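Line by line, the protein sequences are chains A and B. So in the numbering used here, spot 38 of the first sequence is number 38, and the numbers just go up one at a time. So in the numbering used here, spot 31 of the second sequence is number 278, and the numbers just go up one at a time.
Some hints could be false.
Unchecked claim - Label pairs and their in silico Cβ distance ranges:
#, chain 1, residue 1, chain 2, residue 2, range
1, A, T139, B, L297, 31 to 41 Å
2, B, P384, A, H135, 54 to 64 Å
3, B, V578, A, H135, 45 to 55 Å
4, A, G44, B, D678, 20 to 30 Å
5, B, L570, A, G26, 19 to 29 Å
6, B, F628, A, T139, 50 to 60 Å
7, A, L93, B, S554, 38 to 48 Å
8, B, Q553, A, H135, 44 to 54 Å
9, A, L247, B, V581, 55 to 65 Å
10, A, H135, B, Q681, 23 to 33 Å
11, B, Q681, A, G26, 19 to 29 Å
As the list claims (entries may be wrong) - With a straight-line Cα cutoff of 20 Å, these simulated SDA-like cross-link-like pairs (lysine to any residue) come out:
#, chain 1, residue 1, chain 2, residue 2
12, A, K159, B, L286
13, A, K159, B, R293
14, B, K676, A, L164
15, B, K535, B, S338
Hint data in this document are derived by calculation from the structure and do not stem from the laboratory. Given the structure is predicted, the values throughout are model-derived calculations rather than measurements. Positions of the beta carbon are idealized from the N, C-alpha and C atoms, including for glycine.
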Amino acid sequence: MAEDSTPPAAADPAAAAAVPLLQLRGIHKSYNLGLPNEAEVLHGIDLDLAEAEFVALIGPSGSGKSTLLNIIGLLESPSAGSYRIGGQEAVGLDDAATTRLRGQALGFVFQFHHLLPAFSALENVTLPALMREGHVSETQLARAEEVLAAMGLQQAMNKRPGELSGGMQQRVAIARALVLRPPLVLADEPTGNLDTSTSEEVFALMRRMHAELRTSFLIVTHDPRLAQQCDRIVELVDGRIVGDRPL
Amino acid sequence: MNISQARPAGPAAIPPAPEAETGSRWRLGMLGFERRVALRFLREGRMQTLLIIVGVAAGVAVVAYISALISGLQRNTLDKTLGAQAHITISAPDNAVAPALPAAPGATVLVQTQPRTQSARTLVNWQALMPLLQAMPEVAAVSPMVSGAGLALRGQAQRSIALAGVDLDRYDRIINLRSKVVAGQARLAAGEAIIGRELASDLGVQVGDRMTISTGTGAAANSDSVRITALVDLGVRELNRRTVLVPLRTAQSLVGLPGGATQIDLALLDIWQADQLAPRLAQRWQIKAESWQQTNASLVSALNAQSVSTTLIRVVVMVVVVLGIASVLVVSVVQKRREIGILRAMGATRGQVLRIFLLQGAVVGAVGSALGVVLAVVLIFLFTTFVRGSDGLPLFAITLAPDLALRIAALATACGVLAAVVPARSAAKLDPAQAIRM
Numbered sequence: 001m002a003e004d005s006t007p008p009a010a011a012d013p014a015a016a017a018a019v020p021l022l023q024l025r026g027i028h029k030s031y032n033l034g035l036p037n038e039a040e041v042l043h044g045i046d047l048d049l050a051e052a053e054f055v056a057l058i059g060p061s062g063s064g065k066s067t068l069l070n071i072i073g074l075l076e077s078p079s080a081g082s083y084r085i086g087g088q089e090a091v092g093l094d095d096a097a098t099t100r101l102r103g104q105a106l107g108f109v110f111q112f113h114h115l116l117p118a119f120s121a122l123e124n125v126t127l128p129a130l131m132r133e134g135h136v137s138e139t140q141l142a143r144a145e146e147v148l149a150a151m152g153l154q155q156a157m158n159k160r161p162g163e164l165s166g167g168m169q170q171r172v173a174i175a176r177a178l179v180l181r182p183p184l185v186l187a188d189e190p191t192g193n194l195d196t197s198t199s200e201e202v203f204a205l206m207r208r209m210h211a212e213l214r215t216s217f218l219i220v221t222h223d224p225r226l227a228q229q230c231d232r233i234v235e236l237v238d239g240r241i242v243g244d245r246p247l
Numbered sequence: 248m249n250i251s252q253a254r255p256a257g258p259a260a261i262p263p264a265p266e267a268e269t270g271s272r273w274r275l276g277m278l279g280f281e282r283r284v285a286l287r288f289l290r291e292g293r294m295q296t297l298l299i300i301v302g303v304a305a306g307v308a309v310v311a312y313i314s315a316l317i318s319g320l321q322r323n324t325l326d327k328t329l330g331a332q333a334h335i336t337i338s339a340p341d342n343a344v345a346p347a348l349p350a351a352p353g354a355t356v357l358v359q360t361q362p363r364t365q366s367a368r369t370l371v372n373w374q375a376l377m378p379l380l381q382a383m384p385e386v387a388a389v390s391p392m393v394s395g396a397g398l399a400l401r402g403q404a405q406r407s408i409a410l411a412g413v414d415l416d417r418y419d420r421i422i423n424l425r426s427k428v429v430a431g432q433a434r435l436a437a438g439e440a441i442i443g444r445e446l447a448s449d450l451g452v453q454v455g456d457r458m459t460i461s462t463g464t465g466a467a468a469n470s471d472s473v474r475i476t477a478l479v480d481l482g483v484r485e486l487n488r489r490t491v492l493v494p495l496r497t498a499q500s501l502v503g504l505p506g507g508a509t510q511i512d513l514a515l516l517d518i519w520q521a522d523q524l525a526p527r528l529a530q531r532w533q534i535k536a537e538s539w540q541q542t543n544a545s546l547v548s549a550l551n552a553q554s555v556s557t558t559l560i561r562v563v564v565m566v567v568v569v570l571g572i573a574s575v576l577v578v579s580v581v582q583k584r585r586e587i588g589i590l591r592a593m594g595a596t597r598g599q600v601l602r603i604f605l606l607q608g609a610v611v612g613a614v615g616s617a618l619g620v621v622l623a624v625v626l627i628f629l630f631t632t633f634v635r636g637s638d639g640l641p642l643f644a645i646t647l648a649p650d651l652a653l654r655i656a657a658l659a660t661a662c663g664v665l666a667a668v669v670p671a672r673s674a675a676k677l678d679p680a681q682a683i684r685m
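Build out the structure end to end from the sequences listed, making use of the hints.
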């Protein structure tokens, strides 16, 4: 049922129709394969995501949201099925190729910020470039400062994560996810740890970045109010997609 | 807010994989990412890092100090031992009983022979042998000697002596005699003698006094009067009590070997070659050649035992250092699981994570060994300053040779990397999804 729902919220329908950004077909995931406690948590997921979409992934706990997000994020591999990113098959790649694809195609925002505590905000944001190039070029540094400024963090660039509030830390994490301009950012409960007004703020920032950079966002959330502000809601229950509707 | 430019249009634009390029860039970047993260991780775990660096430093200091101490001790022992003897001594082959006829094949021979007495005999053709020996590349100095037993007489006092006739300049090059003079001036003209310090006090003589040397008995009795020009301390009391050095010619007539020499002393450039060179000399010229190792077999085995124990101590300390570094890094990997997971999610490869931890091991090893070498130098300074012999002089010189210090430091750094292998591999194997969930 996911196949027939063409991504409705794509800003540029022509481009989206050509090659979807993500294409999942028949994704299954089992844990403890072959053991007595084998458990299948995803039962054949079909999902397409176009460029510049802003999608909420919702569902009760234990529905397999995080597992699906990990598979999309190339942190776990599915037990069966096909997963294409930008037309490239991602299942069955070796670790080096998976890592490379992850670094190029994806940015991550986690619930608990997951910044490196030993590095300042600016250093955290330049880490992806440092990781890829072995040094941080002037351009990369300027871009990192620009993104942090866009997040309203001009004053906090040289502070360690421990010196920042939760909302600020999450904004640094979003800046880090966006700095290399990946086509897709995956966010796992990005506001789950924040109070309501900070949540709104952080969410608004993601919407703005989406509008400005045309980056796709896939956001796992429990919060129905936030989900309502996305362009499309995919609902997962017991490892199956039970709803996929545009807003 | 003008960061919206710059993303290429087109379907699902993913930047092309810069595969070939990435590899070379890593090398150009001198592990920039790994270095930054490794140093930051070490700085973050301040207390752990400090403790293990101190541990490595202590280990390196012990190894460096023990190495310097033992090599100083051995050098000192060798100097003392070889200070009064040649590295190789060549003499005429022993008198042996030669059978009149070789036994017929298959015949059983029953003999009983009395060993022959070993009278003082000259080395045949010693004047011709000297330049040949001197020309050998291993040989530093050559000195002929006529030695024999005798008595030193002065008034009522009489002492048995070991008489040695030498050419002073040549002999000086063998045992550095001039540096051992404690009174008077080393000089050996005809009718002059240099004697040991203890012998002088036993006889009650001083520099400038005369004494009589007598050798042989009965018809062969011979005696000569000599003036003492210098007293020497050969480092061994027994030698000081017996040694009398006279000119070669004087000894030849006293011992009754005109124009002869009973032995040739050799000094070598590398003392450890003596026991390989001696048999070669013996075979080549049909002479008896004894190396200092043969004459001091028990000393050599003691030195070997010492070297083996030192090596054992060094190995054990290095193993402890490796285990110490490894245990700290194992803990650090566990503590940093989540951060490793984030790095992996952000696109760090397994190799990068591996290198981050290997680098930490190398840094701990290098910093620790630098401190350790400094500590060893301090220990050595304290030893030479405060541990003194009964005469108030340092017991012996110990120094830490720069190349030894460098070797130890390099070894400790290598040990650091080695220690990091297991933790680094476990860090690299971490499943990022699981690591993040923790």
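Status of the hints after comparison with the structure:
no.: 1; hint: T139(A) with L297(B): 31 to 41 Å; in the structure: holds, 38 Å
no.: 2; hint: P384(B) with H135(A): 54 to 64 Å; in the structure: holds, 55 Å
no.: 3; hint: V578(B) with H135(A): 45 to 55 Å; in the structure: violated, 30 Å
no.: 4; hint: G44(A) with D678(B): 20 to 30 Å; in the structure: holds, 24 Å
no.: 5; hint: L570(B) with G26(A): 19 to 29 Å; in the structure: violated, 50 Å
no.: 6; hint: F628(B) with T139(A): 50 to 60 Å; in the structure: holds, 53 Å
no.: 7; hint: L93(A) with S554(B): 38 to 48 Å; in the structure: violated, 56 Å
no.: 8; hint: Q553(B) with H135(A): 44 to 54 Å; in the structure: holds, 51 Å
no.: 9; hint: L247(A) with V581(B): 55 to 65 Å; in the structure: violated, 44 Å
no.: 10; hint: H135(A) with Q681(B): 23 to 33 Å; in the structure: holds, 31 Å
no.: 11; hint: Q681(B) with G26(A): 19 to 29 Å; in the structure: holds, 25 Å
no.: 12; hint: K159(A) with L286(B); in the structure: holds, 18 Å
no.: 13; hint: K159(A) with R293(B); in the structure: holds, 19 Å
no.: 14; hint: K676(B) with L164(A); in the structure: violated, 32 Å
no.: 15; hint: K535(B) with S338(B); in the structure: holds, 5 Å
Hint violations for this structure: numbers 3, 5, 7, 9, 14, all remaining hints satisfied.
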